[in-house]
Amino acid sequence: MNSNVDETRVPVLIGIGEVLDRPANDLDGLDAFELMLAALKAAEADAGVAVLDALDWLGVEDEISFPDPAPHERLAEHMVRDGGKRPPRLLKTHEASGDGPIKLINDAANLIGRGEISIAAAVGAEALRTAAKRYQAAIAAGQEPPKSSIADVAEANARPLARKHGLFTPIDVYPLYENAARAAWGQTLAEGQAESGRIGEGFAAVAAANPYAWIRKPASAEAIATATPDNRMVSFPYTKMMVANSSVNMGAAVIVASLAKARELGVDESRIVYIGAGAAAHEDEDFLLRDSYTHAVSLETTVLSALERNGLGASDIDHVELYSCFPIVPKLARRVLDWPQDKPCSVYGGLTFGGGPIGNCMMHAAARMVAKLREGGDHGLIVANGGYATHSHSMVFSRQPVAAGTFPQDYNVQPLADARRGTAPELLAEYSGPGTIETYTIPFDRYGSPRHATIIGRTPEGARFIARVPETDATTIAFLMADGTEPVGTAGQVITGPDGMAIWGPS
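Take 3 as the starting number for the sequence shown in this note's numbering and just add one per residue.
Just so you know, nobody snuck in bad clues.
Think about it this way: if two alpha-carbon atoms lie no more than 30 Å apart in a straight line, the pair counts; the simulated DSS-like pairs of lysine-lysine are:
| no. | residue 1 | residue 2 |
| --- | --- | --- |
| 1 | LYS43 | LYS87 |
| 2 | LYS242 | LYS135 |
| 3 | LYS219 | LYS43 |
| 4 | LYS242 | LYS345 |
| 5 | LYS242 | LYS219 |
| 6 | LYS219 | LYS135 |
| 7 | LYS166 | LYS242 |
| 8 | LYS135 | LYS43 |
| 9 | LYS219 | LYS345 |
Simulated from the structure, these hints should not be mistaken for laboratory data.
Work out the full structure, taking the sequences as your base and the hints as a guide.
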């Protein structure tokens, strides 16, 4: 590194910690707070030096399994009880969102770049597997169960029009992007499913080699893409092995320090990974007000901006973590990077096989990226995603020293994303008349049968509407799932049903 660089303002990663909790009885599992404590201690052990008793800053990713308004405060109090000092700066993300861990790491890097802190930790955990078992036990005992339902929170926050049509959880929404993008890319259904399968096979292979992955068993592309009783269709065209697995007990933490502090502590150079510049942007919180379901401008913008800010091209990246709650997200990201299908899209195994602890997935990815770069390669890129393709935060980790003055940096690239984004069409709360299919989604029940289909359509004037195909219209639902004619772009008619629901059918 250039001798003129102020090493007190260069942020680096020096410790990583991951914890899996698999008790014989899930009722006896650790809660989220206990997993966070364990992950922090594991990160300290990895750093090889005592750091938890001297933190200047502690950032915590919010969690939903054991809701706690102030886990950062509890962790700080615990550190004091252990004989350390209370970190003078504490932060908790405002919600459990997939971009949160990378934002925390970026925030810590900026504080170091401003010379305000010298050592920090970021941590998060979810214990949804244990929470679910305790919920079931409380119900069986006639007790008031703890609150931790993802669906309940999502439904409560959904706009009335989306709630009316059953669009409020991620599994309801991401297929809208998948089906629209497949059509825009000129893929047949079989080709789209094959791509999802190949990406998933890569995730499974990475997870099988990762000691901290939740499912360490290889799976073939064909097995992932084929609906069976053990791999049921969840929401067309996604099977169970294509979607995030949140039934996990997992925690992860990273230790961030200034380069000067790392050297003062005696951290070996071979253990140090440099934090590169990041970029963040967002889509409209209301997924019905997106300009298109064929792309996510915020994701595209953060990926390109992160590369540009680090003076890198896509070909300079050795390892990636492309967020993978559903196949469409890594599909979108890999097209920005021109990342080959046969090259791993993850360093930890993705959200199905590596594990999907809600907002903390990318803390595990960050930990594995550090481990991967310690083994070899120069640069790694993490592309984090939150909400309904709503929040994107991309960041580079590097074995090479970052350029002087990289931090602090404003990671907000919203103006760039807004300039690239098209205008969202007018959204009609009510509509009857002719239209064409913009995209669609088909939720399935637990027995493998479609419950109905939801159509996002366009009027002849270009306005957007929502309509339902009832489960009794088996012919139209079969058409939407058939490999052959592409449903997107086909014409139909909307009528108003007896209950006021807009019903879609053929012209």
